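J.: Mind docking chain B on chain A? Use the hints.
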Amino acid sequence: MSEHEHGPSDRRALRAEALESLLLEKGLVQPETIDAVVRHYEQDVGPMNGAKVVARAWTDPAYKRRLLENGTAAIAELGFGGPQGEHIVVVENTPAVHNVVVCTLCSCYPWPVLGLPPSWYKSPAFRSRVVREPRAVLAEMGLALGPDVAIRVWDSSSEVRYLVLPQRPAGTEGLREAELAAWVNRDSMIGVSQPTPPQDAPRE
Amino acid sequence: MSESASERRDSAIDLEGPAAPPRRNGELLFAAPWESRVFGIALALHRQGFFRWDEFRDCLIAEIAGWEKRHGRERVDGEWSYYARWQTALETLLARKCLCAAAELDEREQDLAARPAGHDHGQD
Chain A
2 MSEHEHGPSD RRALRAEALE SLLLEKGLVQ PETIDAVVRH YEQDVGPMNG
52 AKVVARAWTD PAYKRRLLEN GTAAIAELGF GGPQGEHIVV VENTPAVHNV
102 VVCTLCSCYP WPVLGLPPSW YKSPAFRSRV VREPRAVLAE MGLALGPDVA
152 IRVWDSSSEV RYLVLPQRPA GTEGLREAEL AAWVNRDSMI GVSQPTPPQD
202 APRE
Chain B
5 MSESASERRD SAIDLEGPAA PPRRNGELLF AAPWESRVFG IALALHRQGF
55 FRWDEFRDCL IAEIAGWEKR HGRERVDGEW SYYARWQTAL ETLLARKCLC
105 AAAELDEREQ DLAARPAGHD HGQD
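These protein sequences, in sequence, are chains A and B.
Every number in the numbering used here is 1 more than the matching position in the first sequence, counting from 1.
Every number in the numbering used here is 4 more than the matching position in the second sequence, counting from 1.
So that you can see chain B by itself, here it is in the shape it has in the complex:
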C-alpha cells in the first residue's frame, strides 16, 4: 500500500489564517499515515451501517480502560498511542460482528511482515 503516504497533501493546503485546516499547534491531525487509515476505516464502516457509533465507542472505552489498568494513567510515555487503542477497539468490534476474525488479521499481518526487505510498508 503506498497510497497512504500520498494522502498527505501538505503543500496544497492553506496553512494560515482563520480558514486554515484543523491542526493541532502546527502539526497534522495524524502523527502517521496509519493513524489516519484506521480512523477512516472506522468511520467508513460506520457510515455503511456495519455498526452504530456507540457500539464502537463502548469498545474504545473498554480498550482504553484496559490499557490504563495495565500501564497507569499518570505516566505518559512513548508507549501510549491513542490510535493503537482505536485500532484494537475496532478489531474487537469487527470480531464480535463476525466481520473480521483476529486469526485472519494475524495471518495477514504475518504475510505482510514477511515481504522482502525494502518493501514499502506505507510508512515512508
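Looking at chain A on its own, in the form it has when it is part of the complex:
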C-alpha cells in the first residue's frame, strides 16, 4: 500500500485498476462489456424516463390509476424496465401529503426511471437524518413544506423501489405531455424538490 504517497482517490483508482486487470486476465470480464454498461447508465437511462412517466400520469387519469396500482407494469407500458426496477411502487403527493424516498441501508433506487442515484442520496447523513427529521432535511435542501403537510418517508427495501409522483404545478393546464415532462426534475421524483419550470422551451 502506498497510503502516504498518494491521495485516497489515487489509491482507489489503483485498486480499481488492479481489480479490472485481474478479472480481465481471468477472463471474467471484458473491457467492452464494462464500457457498454457504463455508457448505458451515463447516456440512455435517467430521470428523463421518470419524467415521461409522471407527465403521462398528469395527463391521462386511467394511466395514473394503473401507475398507482402497479408501478412496474405501468412503467413497462412506456418501455422502461430492467435491473432495480422489478418492483416499483409509485407514491402520490397531494396537498396534504408529501412523500420522500430513502434507502437507509445502502442506495436502492429505481434505476430504470431515475438512472443512478445522486451522491447526496447515498451519503450517510441523508440516509440517517431524513428518517429522523424529514422536515428539517427537506428545508435544508430547499423544500420548505407547510406545517399542515404530512411527510411520509419511504425506505427502499431489498424488493421495493419507490418513485414519487409529484403534484402537477399550477399554471400548466394548457401544456401537452411532452412539455410537461420538461417540468419534472429528478429531485421531485425522489421527493426533495417540486417540479420546476423548464430552463428552455422543450424541443420537439
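Errors might be hidden in some of the hints.
Distance ranges between label pairs, derived from CB positions [claimed, not checked]:
1. A/Ala37 / B/Cys102: 22 to 32 Å
2. A/Ala137 / B/Gln114: 42 to 52 Å
3. B/Glu72 / A/Glu33: 33 to 43 Å
4. A/His88 / B/Ala118: 42 to 52 Å
5. B/Arg51 / A/Arg133: 34 to 44 Å
6. A/Glu33 / B/Gln114: 21 to 31 Å
7. B/Ala118 / A/Val98: 51 to 61 Å
8. A/Pro62 / B/Glu108: 54 to 64 Å
Calculated from the structure, these hints are not laboratory results.
All values reported here derive from a predicted model rather than from experimental measurement.
Virtual Cβ for every residue (Gly too), placed ideally from N, Cα, C.
T.: Below, chain B without anything else, positioned relative to chain A:
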C-alpha cells in the same frame, strides 16, 4: 489502462433539455473514471451470472454499515466514498465466490503501484 479516461465523451453528449443524459446537477454520474469502472465491473459480472444482485447488495449493506460504525453517520468528510465501499463489497463477494482472492488483488495493486513514475494510472 488508459481507456477509462477516454470513456468520458462529454462533448459528444447533448447536455440540455428533457432528453439530456442522467446527470446530477450538472455533474457527471461518476466523479472519477475508476468509479465508473467498478460500477461497470459489478454489473457486467452480475449479468454474466457470477452472482445474484441481492448477494452483492447484502455485501454492500454490510460494507457501508461497517464503515459507518467506524466513522459515524453524521459527519460527512472527504473520507466517505460510496464507490470505495462498492468496490470493497465487490472484492468481498468475489473472494467468497473464489473468483478473486484478496491476496491476488493486493499483489496486483502493488505491481501496478511499482510502475515507473509518470505511468498512466488511468486518472488523468
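J.: Check the following: the C-beta atoms of B/Ala118 and A/Val98 are separated by a distance inside 51 to 61 Å.
T.: Given about 59 Å between the Cβ atoms, the range holds.
J.: Starting from the hint 21 to 31 Å, judge whether the C-beta atoms of A/Glu33 and B/Gln114 obey it.
T.: holds, 28 Å
J.: Looking only at beta-carbon atoms, does the pair B/Arg51, A/Arg133 fall within the given range of 34 to 44 Å?
T.: holds, 37 Å
J.: Please check whether B/Glu72 and A/Glu33 have a Cβ separation lying inside 33 to 43 Å.
T.: For B/Glu72 and A/Glu33 the Cβ distance comes to about 36 Å; the hint holds.
J.: Could you check the hint for me, namely that A/Ala37 and B/Cys102 are 22 to 32 Å apart, CB to CB?
T.: Distance hint for A/Ala37, B/Cys102 holds at roughly 27 Å.
J.: Evaluate the given range 42 to 52 Å for the C-beta pair formed by A/Ala137 and B/Gln114.
T.: Distance hint for A/Ala137, B/Gln114 holds at roughly 46 Å.
J.: Can you tell me whether the CB distance of A/His88 to B/Ala118 sits inside 42 to 52 Å?
T.: holds, 47 Å
J.: In this structure, is the beta-carbon distance linking A/Pro62 and B/Glu108 contained in 54 to 64 Å?
T.: holds, 58 Å
This entry satisfies every hint, going by the numbered hints stated previously.
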